[in-house]
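S.K.: Residue numbers (the working numbering), protein chains in the order written: chain A, -13 to 212; chain B, 203 to 427; chain C, 285 to 518.
Among these hints, one or two may not hold up.
List time: in silico BS3-like cross-link candidates among lysine-lysine, alpha-carbon distance up to 25 Å [what the hints assert, rightly or not]: (1) B:K273 <-> C:K343; (2) B:K273 <-> B:K206; (3) C:K340 <-> B:K273.
On the chain A side, residues computed to face chain C include the following (Cβ under 10 Å) [as the list claims (entries may be wrong)]: (4) R2; (5) R62; (6) P78.
Just so you know, these hints were derived from the structure itself, not from any lab.
Glycine residues also receive a C-beta, built at the ideal position from the N, C-alpha and C atoms.
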Amino acid sequence: MRFLGQVMVITAKDLRAEMRTKEAINASFAFALVVLLLLSFAFDPTEETTREISGGLLWIVFTFAGTLVLNRSFARELPNDCLDALIAAPVPGPALFLGKALANFVLILAVELVALPVFGIFYNVRWTRQFWPLMLVLVLGTWGLTSIGTVFSALTVNIRLREVMLPLLVYPVLIPMLLGAMRLSALLVAGQAIAGDETVWFKLLFGFDIIFTALSLVLMDTVLLG
Amino acid sequence: MRQKVMIAMLALAAVLLVRNLYVISMLPDEMRQGQIFRIIFFHVPAAASAMIGSAVALIASVLFLLTRNFKYDALAVAVTEVGLAFLAVNLVTGSIWARVIWGVWWAWDARLTSALICWILYAGYLILRQALEEPTQRATFAAVYSIFAFTDVPIVYFSIRWWRTLHPQPVFFSKSGSFPPDWSRAFLINMVAMFLLYAALTMIRLRQEETQREIDYLRRTVHAI
Amino acid sequence: MSDAAVDCSGVWKFYGDYPALRNISFEVPAGRCLALIGRNGAGKTTLLRILAGFSKPGKGQARIFGHEPRDTETRRRIGFIGHGIAVYDELSALENLRLFAKLYRLPDAERAAREWLERTGLERVRDGLVREFSRGMRQRLAVARAFLHGPSVLLLDEPFTALDDRAVAVLQTVLRDALAAGRTVIMSTHQLREAMELATHVALINRGRIAFHGERTEEMVNNPGWVYSQYGES
């Protein structure tokens, strides 16, 4: 339980620091709205066919906005050399990973939960018809984005052009997860329940999350210490 | 010694390929697809070599992280670079085939789409390496990324396949038509030839990487004097 | 390898082609205060970071009490002050110290945090955000953070640089208390005078090598530049 205690300490620290400045989360909200707007121009929301696929478009918004939060995750440790202090402390790498990943998860989920109603308004879609299954997709998909994004945030923190490198490296790895999340969201937003063959996407999301969380836990120490 | 092995492999690969080109051109046309079907002799072995290459890259990356011996890092980058080239061959031949048979350059079929995603994944590996200057950090981070990429590959294949099964496309002629026995032999020989070519190119790249390290080491020693 | 507080044997460190440290070997038994002096670029920061466990030597070994600096238990015994203050701008002084107290698993985090706020004279501004602190205040908080968990070995990289009077006084007091309690201190410094007052031993690093390592003498206290003139290159 000491492990979990340290995880919570780090999560609390990240969230408290973010709430004081709100840099990442404001940028993320704003970006989500802008992208939603642009997508509304690209895909005419008044057409019935667009409304049917619109759930998939949501994940483009979520992924782009999420990257802003993820970038900040380890970048916030750079001023004052705070990362040194974190590494020097007797906190195991997996605890540091989980602490930061949970904080990122909370922040990105918050942005998504704000973007959803706005999306509902722009696209005139009643997205609440399959609310809880949709929430499950959000949770699973966002955790996939967060777990990989947090490790890669540490990987790219010292690189020039970090803001470009992070999405460049993360998005291809996420493709299977995005495929599943987009597919499920499109159906759920259109009000259809997930049944039969389509449940395979839930299995994909679960499996994806478990595999990559395990991998991230194991490799975090290596990334931090080089 | 290694030089001789490398040259021998290259020579053997060249001989096999040239002989095969002759054999392949002599084979009768496949019933439904005509001339273009011959492209499968290169299309499939290219993908098979790339797949084995990515497995070798994984093993090399894990071994580097465990031993911190830079020869594994050199192997990982060599095998990945050559693999990208072979995967590109796979994509281009697949695209040409699609254009001839289906009339479109890209048809979003399961295998080619997966191959494209894998190509992008491993291109990311090279981009990451380019962005990191310090050799130890570069090797370590690249190894971590390589492990993530390899873990993703089977998931990509499955997910794209499910995507295509749940949304069936119009039925085209399948890529693997009937395979007459004299074709099988030529196919296997080409497969071996491509593997040899892959191995030889990897060794060339490996040699280059090791020479670079030797130069770095000599420069270090000179600086220390 | 011995069980001395700090032990280096055959340490080399390369950055790309360049050897920043060349065959560093020395031992620091517990209770000493070693002043590590040397010109800019000599290798002081590199050496301290290896001792603190932030990077690994290219060749050779560094040990703290006979163990790898990165071992979890050993990490609790090391305190480090680097070039950055390593506290969070967006948190208050108290929040920062409480955070590190919890990360170091101190039994009573709140009490330890408050105690060190008092010792560094920051009790009155404990709820102020660090980004509003003056430079001297930030430095004092960095000292509090480094000493908070009662480390046995203190590795300080130019701790006296750009401190105001009050911060210098605080640091000297804290260091004297630590040394009196038998702790070991290695500090790199340009501020020869402050260093010589506290040091029991002196080591000079020149171009990645140890050019001198011995007891501090009267002459060094009276004329801090003496070591450079004797053993350093001009």
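S.K.: Of the numbered hints stated earlier in the document, which are not met by this structure?
M.R.: none
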